[in-house]
Amino acid sequence: MSAAGWEAVIGLECHVQLRTRTKMFCGCPAAFGERPNTNVCPVCLGLPGALPRANAAAVAAALRLGLALGSDVRAESVFARKHYFYPDMPKNYQISQYDRPLCAGGALPLGEGGSAHAVALTRIHLEEDAGKSFHPERHGDRRLSRVDFNRAGVPLLELVTEPVLRGPEPCAAFLTALRRLVRWLGISDGDMEKGQLRCDANVSVRRPGARSLGTKTELKNLNSIKGVEKGVRAEIARQCALLEAGGRVEQATLLYDAERDRLAVMRTKEQAHDYRYFPDPDLPVLRVGAAEREAARAALPELPWAREARFRGALGLPAYDAAVLTESRELADYLERAAPAGQAKLASNWLMTEVLRVLRERDWDVDAWAARVPPERFADFLARVAARELPGPVAKQVFAWLADEPGTVAELLERHDVRVAADDATLRPLVRAVLDEHAAAAAQVISGEEKPFGFLVGQAMKLAGGRAVPEVLRRLLREELAARSPRP
Amino acid sequence: MTAGEAWRLPAREIARRVRAGSLAPEAAAEAGFAGPAARWERDVHALLAAEPAAWRAAARAARRDGPLSGVPVVVKDNLCTVDQPTTCGSRILEGWRSPYDATVVRRLREAGAVVVGKGNMDEFAMGSSTEFSAFGPTRNPHDLSRVPGGSSGGPAAAVAYGLVPVALGSDTGGSVRQPAAFCGVYGLKPTYGRLSRWGLVAFGSSLDQVGIFARHVGDLAEVFATLAGPDPYDASARPGRAPDVSGWHDGVRGLRFGWPENLWREGVEPALVAALARAAEALERAGAVRVPLEFLPGDVAVAAYYLLATAEASSNLARFDGVRYGLRKASGELSELYARTRGEGFGPEVRRRILLGTYALSAGYHDQYYERAQRARSRIVAEHRAAFGRCDLLLLPAVPTLPFRLGEKTDDPLAMYLSDVFTLGANLAGIPGLTVPMGLASGGLPVSVQLLGPADAEPRLLRAARALELDGDPAGRPADEEREPAWPGGVAR
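Residue numbers (this note's numbering), protein chains in the order written: chain A, 2 to 489; chain B, 47 to 539.
Any given hint could turn out to be false.
[Stated by the list, open to error] Under the rule of at most 20 Å between Cα atoms (straight-line distance), these lysine to aspartate or glutamate pairs were calculated in the EDC-like manner:
(1) K227/A to E328/A
(2) K463/A to E412/A
(3) K83/A to E379/B
(4) K397/A to E377/A
(5) K375/B to D190/A
(6) K463/A to E390/A
(7) K83/A to D413/B
(8) K346/A to E328/A
(9) K133/A to D413/B
(10) K227/A to E251/A
(11) K397/A to E412/A
(12) K375/B to E170/A
(13) K195/A to E35/A
(14) K217/A to D275/A
(15) K83/A to E390/A
[Stated by the list, open to error] Pair ranges (Cβ atoms, derived):
(16) A376/B to V266/A: 21 to 31 Å
(17) H140/A to R88/B: 45 to 55 Å
(18) E293/A to R418/B: 51 to 61 Å
(19) E307/B to Y85/A: 30 to 40 Å
Since the hints were derived computationally from the structure, they do not count as laboratory data.
All C-beta atoms, glycine included, are put in the ideal place defined by N, C-alpha and C.
Isolated chain B (complex conformation) (with noise of 0.2 Å):
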């Protein structure tokens, strides 16, 4: 079989050609830089470090017997890779390599899986476009002229147009299920501490997650359970054995979930309006129940967010110095050293953030900013556990509007910032969420809801995706029936 012939192929069939020996990994990391996939990326420009002697080297190592073999994966520039360089999309790490791997890279490779190459990213997961690169944005691959969300844009939209069927992200209010919103794809954030933080370089450390993108639901659960579980050098990792999702395609007879329509009442695009009815239909024809409730709106949460992700950024950022590795712009004195090294190393998002938390944290405004958010944190996780009191997931937008254009929004941060507004909650509450695709608008642009669910209810969220996947269909299909994804550019296999 060749690389042609594996372009655009769900992981689970990949893996399970790799296992039977009829395709080789070389040929399935070969499929996404050859033929069309070529023209696709030097148009959206997904990737960062795409090292083909590195990649190359993987697939050849790769294992043939695993759940993922030979599958390749993008990961996010901001997972520590020791075969490729790990920049964070900024000046500051340009070049540098890591001396170790991610745990969640680790596990990928354990598993049979390939990584070709590092997405592009707003410069240390700060940004909602992708814009924030150092290194040039990522554009939509439905619309070239429109952003793909972000932080993850590369990784959601190299999951888009077909370069890998599924890739790695990391979301720390809403950076995979933002992008995989505008770039139709499905967008898992787990849990907190669900999947292993080490070698994932922190912004927000008590709001990151290492998320997943995938085209079919069944990827998506494949890749989870093979990520998922405790991992020692990681404290904050969740203890206790990782939920089950095997049981991804059972259905969702009997399932309540929120149908929070105060949340949508104004200031979202019908488009999203339409999908989400669309959905909870979809939902109720495969014999779930609809539970109308009211919700706490975004507002207080993305206060909150701002306060709290920029007070640990700063802290995070702040090892960024130019004394032992990255950009180093030297000088007679120490203070000029950091000023100039951070100063020219981080962008002006980056550097934005980092003064908005050094002043939350700063003796006199602690209280008053940082104190306060934590409260307002306790708040938000209070009423989604009274929300789970009443129904089992919520489904709610994932975005409040459609893909913008570039440069819409890079001159209005506030703007920017409230297109987090549906998805920094479940950061926040620490609760899984997962982005479904509900295929394109009249504009060809893509739609999508979410789902939300109490801690641990991935194989619930993963339920509802499948019915989702499956359009209602009661019936029940079986597991390997596959639903083809809204391409885009109406180009189907």
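If we strip away everything but chain A, and leave its shape as in the complex, we get (with noise of 0.2 Å):
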């Protein structure tokens, strides 16, 4: 990380691919996997006369990130284009916003609820997205580059942080929480691996407490979380290095190597690019009223980092349930219908531990899970676990049928013909024939150690096949083990 005596200061430029059923600007469907060069029309295509039309769907996702993030939702932006010549992008501009964007300010909670601190955001505006470029393929001796534009025109959101962040692992914690967050209002699936969030990163380095930035330098090609952090990390100290050997950072754009963990200079300052924008004339001033952007406020659903401080306070659940519990809406969701009164904890503790194990084992994600068993159904082996209806092994099988088989937990207990047993009639001569099996251990109980016990209950478990309610073992166990001690 940084060289002693030095400090990063790190601003981050998001891209946020938005979940729209269709592009930014035309109506072709802005979904993923098709064939090469199918959804696309003259808009996209960039072909001569034809118009864009912004897309409402796509505004009014820009709109709810905006309100969540706090952010001041413009009454006018202006679209505005963007020049730069690139066989990916269909008119050699990309529209964007630039000047007027749609949201100024705002900032993400980070940390624990949200309480931590907060990163502050520069601005969010809506842009369109290029086409795909593969490069370069051999065919006989001409190398040939393909294009695919069916991303062309996908509707994105940029959002632009402060120079606040200090360190790779805030840059990654951010891009964790933005992830969180998009997801959580569902616009946008946010996988960084599929490029649905994307990230560049300006780094600088100065001197701790210096008013004045040093010279940044632009980080492309970061496409996971993880890269984020290491090209981040690498670059830190790259900059910290040459100062401290007396050299000079340049101002350029790098792109980065996850796999190799290198920086490769892209461009530098002499070769960056006039993007020459001015407004684009074929699209009106967007305009979004107040009644609008109250009515968009009023729909947002209680946010990631509430829920997460309501689970801790209210629920009483620890920070780190809190957080794996809200890391999506529909798990958050589901903990809150599926808990029985007063027992969160429990119901956190199987959610986390066995439904998030089956989840990863099926490549599930909570919707099919809820599909085979909705909460009301959880919440009904849930308060049959938290009454103590039934004993951890038979618990764990039952929940194990869950998934698998319909009915309430008493039809599977019936189907399976598992049959609990939590009568003193039937339990009681177990007891008694544990204890005389296991004399000795019993007779160091009555002696006063405690540590025995537990394996008399183990034993005592064994011998009922793992049926036994463990509550009624312990008890009889006790009531044995008096009446086999001498009187005092």
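Hints given; two lone chains; assemble the complex.
Right, here's the structure in full:
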């Protein structure tokens, strides 16, 4: 990390691919994985004479994110053209927003319950994605690049932070929180590996306490959260080493190669683009009225950091549980609907260990699970566990059946002919047999040593085939041991 | 009725006969290509594409009960058509066929009209003489040694010699009104956004507007009514209902027309000044009132216009890169593919304007040029608004000169740009303008005047034009009374 005596200053530029039905400026499906160049039309191919029209659903998504982050949503914002030539950019300009973005300011809360601190944002704006280039293929003696325009025109949100991040870890934490938020709001799948969430980092270092910023470099090609962390770390180290050796940082755009943990210069300051921004005359000023804005604000769900704080406060969950369970809105909703009154911790334990394990093993999402085990059904199961009606092994067995079979807990037990032993008449002979067989251990307990008691419980449970209610076993053991102890 | 008999009929008359069953759309279209028409087209070269298979099929398919049934139309080659190529007069789009129709083309077809061919034009609508077409110039039907104006010179000439009764052009700084003046036909540039730009290959998007050529005011009104109205495919389209132009023959009694005489005290051809005087007197005879006023001279507008139009053009034309369509000069290096395709595909005037516009938008010059021009534009808008506080429309020249000779101005871009001095204000202000032919000067060349109105004043402009068509006859004659235009070569029907 940063060499002693230097402070890193980092700002992030994130791109969020919106999960709208159609593209930003035309009616083509914004779907992935189709055959190349099938989701295209005159607009997103940049054919002569074609004109853009803004996608209201994308504007609504941007509005949701801006309001969730406490940004100032502008009543009027302007689409502008950003010019540079590249084959996957159909018009050789990108429709973006420049000096009048949709949202200004705002902050993303980070850390436990969002209480630790918040990362200040500069702006959020709407723009269109480019197509995808594939370089170069060899065809005989010719090199051939190919372009797929299916992605061209897919809506993107660009979100820019202030230069307030101070190291690689906060960058990763920011992206993790942003990913959670966009998924929470249902505006993006936020998968960095799939390019649905992308990030460039502006990195500089300076002496601690210095007011001015050092010369910054821009890091591109950071395509995972881990990659952002590693790339930023490598760049901080590079800049520190450079400065320690008496050198200067040159303003440049760098590409990060995650596999080899290496940075390469993509272009220097002299090669920087002049984007020649100007307002796009094809698109009217984007207006968001107060009524529309307030309706969108009212429609926001409880936000993840608020939910997390409530899980810790009102539900009394540990910080770790609250963080894990609010990673997705579906999971958090499920917890709230499935947890019997006062049993949030029990529900949390089952969700975090057993349910999440099943999701991992079967590659399911929470919805897939909930389709098979609706929260009401799981609540019934948890209530029985809470009421100590299901001994541990039986509970695990019943849990395993839940995902694959229909029916209530009682029906499952009935179907599989599992009888839970909870009555004294059945269990007292078992307890007596155990005490007879392990007389030495019994004697130790009677003499005041508690350690062998657990052993005796285990033996009794084993004898009961795992179907006894442990509390009943414990009580009976105590009673029988008391009966065998010499009178004081 | 034969093709020969349909030759040079007004559009509404053709549609009437087609609806009545006495004229076949095929014959109406054929009329523009057979007989004397064929000789005219050889001399004038108004058309780029005119594929007989395409227009014959279109004529056969045309509905027989529409407002424009069977009316043959030429559309400028920067309007996309599925059945004929769309080149914008440029090598870079040579042979390109659009997969979609422009909205105005679709609306013409839906009204029963038949697109017979694509009108020649200055490359990408950049020019005032049609000499910058990559496929050879169009000549003025009134004098083949002279230009028809531009950039919509092809459609204007086609209407002037009678190939078709009406045509569509585009007007970014005067590209409909100036060739209409040079060719002696009506040329209407509607209010910005009133006709959809979907499928109009962009030059200066904030200035571009589809325009209409016709030989009769009534035809102009009919085509305008057919095309006007909002289009979900054009976000810059003017919202709301189009103004009703059905009262185009209702007269001008009480209408106040501004008379900005300061504009033509010098630098305007005497024959055009005389035409202005005749027009003013005719309007007064018909009951209109002259309001003398001073008006902002055009030189500020020329400077602002050429910065804004070229800035937008440099952006709009960036898409022509050889990657997806059109000319492709393949090369091992990407930068060379761009340089060669664009260097060889674009002609000199287009290259000049792309360079100018790129410069005006560049870092360090943006404020000095682009922003300053935007401020000037705001002033021009305000100036027009102020003028229309005092009058209902403005009467002024459409052009400062009579048609010039081929080659006369091709080496002097500034002189060429100044031929737009009276027209480009309307584009900057987004208001409608209409060129009205006023007959022929002593040398046989057309003279004209221009009418400007505030936004949505098309009905008013058409009423004034009709009053001039009837030469100020106050009686207000019936709408179906046609007056023969001044045919080139003195050829009357």
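To see whether the hints hold, each was checked on the structure:
| no. | hint | result |
| --- | --- | --- |
| 1 | K227/A to E328/A | holds (18 Å) |
| 2 | K463/A to E412/A | violated (25 Å) |
| 3 | K83/A to E379/B | violated (23 Å) |
| 4 | K397/A to E377/A | holds (18 Å) |
| 5 | K375/B to D190/A | violated (41 Å) |
| 6 | K463/A to E390/A | holds (18 Å) |
| 7 | K83/A to D413/B | holds (17 Å) |
| 8 | K346/A to E328/A | holds (17 Å) |
| 9 | K133/A to D413/B | violated (34 Å) |
| 10 | K227/A to E251/A | violated (25 Å) |
| 11 | K397/A to E412/A | holds (16 Å) |
| 12 | K375/B to E170/A | violated (49 Å) |
| 13 | K195/A to E35/A | holds (14 Å) |
| 14 | K217/A to D275/A | holds (18 Å) |
| 15 | K83/A to E390/A | violated (66 Å) |
| 16 | A376/B to V266/A: 21 to 31 Å | holds (29 Å) |
| 17 | H140/A to R88/B: 45 to 55 Å | holds (47 Å) |
| 18 | E293/A to R418/B: 51 to 61 Å | violated (35 Å) |
| 19 | E307/B to Y85/A: 30 to 40 Å | violated (50 Å) |
Comparing the model with each numbered hint stated earlier shows that hints 2, 3, 5, 9, 10, 12, 15, 18, 19 do not hold.
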